[in-house]
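A.B. asks: Listed below, chain by chain, are the residues.
Number of protein chains: 2
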Amino acid sequence: MRVIASQVQAQMANASWIRKMFEKGAELKKQFGAENVCDFSLGNPDIPPPPRTREVLMSLADSAAQPLGLGYCPNAGLPAFREALAVFLSAQQHAPVKAAQVVVTCGAAGALTSFFRAVLEPGDEVLCPAPYFVEYGAYCGHFGGVLKPVPALPPDFQPDLASMEAAVTDKTRVIIINSPNNPTGCIYSQATLSRLGALVDRVNVGRGRALFLVSDEPYRFLAYDGAVVPPILPLSPFTLVLGSFSKSLSLAGERVGYIAANPQMPEVDLLMNAVTMTNRTLGFVNAPVLGQRLAMALLNEGVDLSVYDRRRRSMAKVLAEAGIRFAMPQGAFYFFPEAPGGDDQAFVRALLAQNVLAVPGSGFGYPGYFRLSFSVDEAVIARSAAGFKAAVGLLQH
Amino acid sequence: MRVIASQVQAQMANASWIRKMFEKGAELKKQFGAENVCDFSLGNPDIPPPPRTREVLMSLADSAAQPLGLGYCPNAGLPAFREALAVFLSAQQHAPVKAAQVVVTCGAAGALTSFFRAVLEPGDEVLCPAPYFVEYGAYCGHFGGVLKPVPALPPDFQPDLASMEAAVTDKTRVIIINSPNNPTGCIYSQATLSRLGALVDRVNVGRGRALFLVSDEPYRFLAYDGAVVPPILPLSPFTLVLGSFSKSLSLAGERVGYIAANPQMPEVDLLMNAVTMTNRTLGFVNAPVLGQRLAMALLNEGVDLSVYDRRRRSMAKVLAEAGIRFAMPQGAFYFFPEAPGGDDQAFVRALLAQNVLAVPGSGFGYPGYFRLSFSVDEAVIARSAAGFKAAVGLLQH
Chain A
22 MRVIASQVQA QMANASWIRK MFEKGAELKK QFGAENVCDF SLGNPDIPPP
72 PRTREVLMSL ADSAAQPLGL GYCPNAGLPA FREALAVFLS AQQHAPVKAA
122 QVVVTCGAAG ALTSFFRAVL EPGDEVLCPA PYFVEYGAYC GHFGGVLKPV
172 PALPPDFQPD LASMEAAVTD KTRVIIINSP NNPTGCIYSQ ATLSRLGALV
222 DRVNVGRGRA LFLVSDEPYR FLAYDGAVVP PILPLSPFTL VLGSFSKSLS
272 LAGERVGYIA ANPQMPEVDL LMNAVTMTNR TLGFVNAPVL GQRLAMALLN
322 EGVDLSVYDR RRRSMAKVLA EAGIRFAMPQ GAFYFFPEAP GGDDQAFVRA
372 LLAQNVLAVP GSGFGYPGYF RLSFSVDEAV IARSAAGFKA AVGLLQH
Chain B
22 MRVIASQVQA QMANASWIRK MFEKGAELKK QFGAENVCDF SLGNPDIPPP
72 PRTREVLMSL ADSAAQPLGL GYCPNAGLPA FREALAVFLS AQQHAPVKAA
122 QVVVTCGAAG ALTSFFRAVL EPGDEVLCPA PYFVEYGAYC GHFGGVLKPV
172 PALPPDFQPD LASMEAAVTD KTRVIIINSP NNPTGCIYSQ ATLSRLGALV
222 DRVNVGRGRA LFLVSDEPYR FLAYDGAVVP PILPLSPFTL VLGSFSKSLS
272 LAGERVGYIA ANPQMPEVDL LMNAVTMTNR TLGFVNAPVL GQRLAMALLN
322 EGVDLSVYDR RRRSMAKVLA EAGIRFAMPQ GAFYFFPEAP GGDDQAFVRA
372 LLAQNVLAVP GSGFGYPGYF RLSFSVDEAV IARSAAGFKA AVGLLQH
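From first to last, the protein sequence lines are chains A and B. Every position in the first sequence, counted from 1, becomes a number in my numbering once 21 is added. Every position in the second sequence, counted from 1, becomes a number in my numbering once 21 is added.
Looking at chain A on its own, in the form it has when it is part of the complex (with noise of 0.2 angstroms):
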């Protein structure tokens, strides 16, 4: 007896490599014990919330406790954060945003189907550069649209400009970009960023549908010596910014982040009046109230960046030891290097037989490159130099 439908059975078949590493990893560590595993599979931020989180939250329980304090909230957040979110992306994106223009999502991917559900018609197409996080397939597949990859440039994966424009076709609704990229680490630069904005612009003309640039950036605050993630609104009035406070304070757990639309986009407030319709409609309702009162309380703080440099650097000198080609990330905190011996797959098969998880460039659609998340204790590091090492030299003999 069918309980399911077909499309998420297929899904269900091929479930994520991030998944099956979780998995794999779970079984290494009931077995050799959590302290013997490098798990490096996970980007599940690790370092402490800002100090004043236990502050915040302790000043929250009194209101809370009120009648209405953890009552309803508008669909679109609470009205104060809006507008602290369109002053602090007006600074950020070097755009005069409102409040108008903002929506408190459940975290960067409440966002993401908020949007695709209120833009994408079924056969829609969204363009975005490979390797890249894998759910938006599923993302724009809830609601008919399908995902069209277009493989970045290695060896530092800005994406390839000539290649997107030769994907775009009538039925190419969004573009979607991901800087500082998971899982290369890599930074849009500026002049790929202006190519980019000229192609929408050029696409637009003449359009009924509109064409939407869309840049999901949840590592925005992660850039390392002193990069610069240029901003998105400045490139085209069809452009779009959506983030999360996941990694920033550390509170992936709590699901806040928010979308802001150019305000110089045609039919602005029609659309944000429909994300805020369809973050009602897909069951979001509003985003967590106490998330949205802890990020709006911090939205001005963050965690302790340094922790994430020096893990950078530990990971890039066992990488280099080990005879591991790859390119330094620029920020976020993956590090996606070549998989030596070229197959992607066997090499994490090799890392696995040293207790060492990773995951595949297969799982990012984009085979013969494997991603590191080091969002990890150093120890963790340090502790998998033998192991890189023993699997290269697996692979080489």
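These are calculated hints, taken from the structure and not from any lab test. Be a bit skeptical, because a hint or two may be false.
Sample of chain B residues with no beta-carbon within 12 angstroms of chain A, all distances over it, derived [as the list claims (entries may be wrong)]:
hint	residue
1	Arg370
2	Ser383
3	Leu415
For each label pair, taking beta carbons as the anchor points, the in silico distance ranges come out as [what the hints assert, rightly or not]:
hint	chain 1	residue 1	chain 2	residue 2	range
4	A	Leu326	B	Gly144	48 to 54 angstroms
5	A	Ala403	B	Ser80	32 to 38 angstroms
6	B	Met33	A	Ala348	42 to 48 angstroms
7	A	Leu320	B	Asn321	33 to 39 angstroms
8	B	Gln285	A	Ala55	44 to 50 angstroms
9	A	Leu320	B	Lys50	26 to 32 angstroms
All C-beta atoms in this analysis are idealised placements derived from N, C-alpha and C, irrespective of residue type, glycine included.
Given the coordinates of chain A, assemble chain B onto it according to the supplied hints.
C.D. replies: Relative to chain A, chain B alone:
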């Protein structure tokens, strides 16, 4: 230039009546002062959360400030909370529910969309008794499902089983019920439910795809005069129960709910794994962790129900004195009286002229009646008496 999807545009044009009344109410409150408007249009629980809420939040502040304190949690919910819910639901539902059969969701709304995504093929039909919570249509419509309401029987609004059986086709995938009911306040009787369970079992004999009976139960805790809300899981192996803590703990803004499946259901593990996946890929990822911890700590507590009962009696008195006919609600916090004159929209307009806000039955797929939420202060109910009388008088002259 078209910026939003055609189906979404249509939904926006049909903005819900509740939303329209909300906007109308905001205008009136601005014009006359909030204290001069009697707003019965919203189901926002306004009585304080349980007294321990403050203390629980204070204690959560300590753990939240630790590394990973607010990090990702498993997509199906905190394991300890699922275990606690399994015990809680086993007692409530008279069935041995295990943690594996419970998924924690972002409220009841998130439970419904995750479930519909997991089971619906495009073109599938969802039956529900009318009047009904109008968002059900959008919840299943996102995934190609079609809501087919079947009018319930006045004056007490038990579902019309004969008409429901006649409405079942090969494409019927789900029957959804809501008891205690929004908007009628009706509690479905054991006799009605037993017949419904038998109908579901009959349809499922020899069927290739399961027909599910889903009970949406956010108001289970709120039954008056010692009324019993019969358990759902004993009715058929094809049953699921979902609910939230929005009303029982007055934390509607936190978005914490659950869905639980009958342990006897064929392929129950596959179904709950699918719901766990759609909960992730729809962008919920996990219900907010602070809300989960709060609901877990308060699972066996509740708001003061006597407040709602007193309001119910006051409201009944006001309506009776105005000569308005109604069935006394057995549960939830709504009245669904007959519209004097028979035209619900006309009567709601007449109430509006008295600064009294209600929602026409048309907004719930059931014209000729109107909904009053008595989740308001008793003073508001008392103050509304003259308005109801005047509105009735207007329509009679």
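A.B. asks: For each hint, tell me whether it holds in the structure or not.
C.D. replies: A quick look at each hint next to the structure:
1. Arg370: Arg370 of chain B clear of chain A: closest Cβ-Cβ about 25 angstroms, beyond 12 angstroms.
2. Ser383: Non-interface label on Ser383 of chain B holds, nearest chain A Cβ at 19 angstroms vs cutoff 12 angstroms.
3. Leu415: Leu415 of chain B clear of chain A: closest Cβ-Cβ about 32 angstroms, beyond 12 angstroms.
4. A:Leu326 to B:Gly144: 48 to 54 angstroms: 51 angstroms, holds
5. A:Ala403 to B:Ser80: 32 to 38 angstroms: 36 angstroms, holds
6. B:Met33 to A:Ala348: 42 to 48 angstroms: Cβ of Met33 of chain B to Cβ of Ala348 of chain A: about 45 angstroms, so the range 42 to 48 angstroms holds.
7. A:Leu320 to B:Asn321: 33 to 39 angstroms: Holds - the Cβ-Cβ distance for Leu320 of chain A and Asn321 of chain B, about 36 angstroms, lies within 33 to 39 angstroms.
8. B:Gln285 to A:Ala55: 44 to 50 angstroms: Violated - the Cβ-Cβ distance for Gln285 of chain B and Ala55 of chain A, about 37 angstroms, lies outside 44 to 50 angstroms.
9. A:Leu320 to B:Lys50: 26 to 32 angstroms: 30 angstroms, holds
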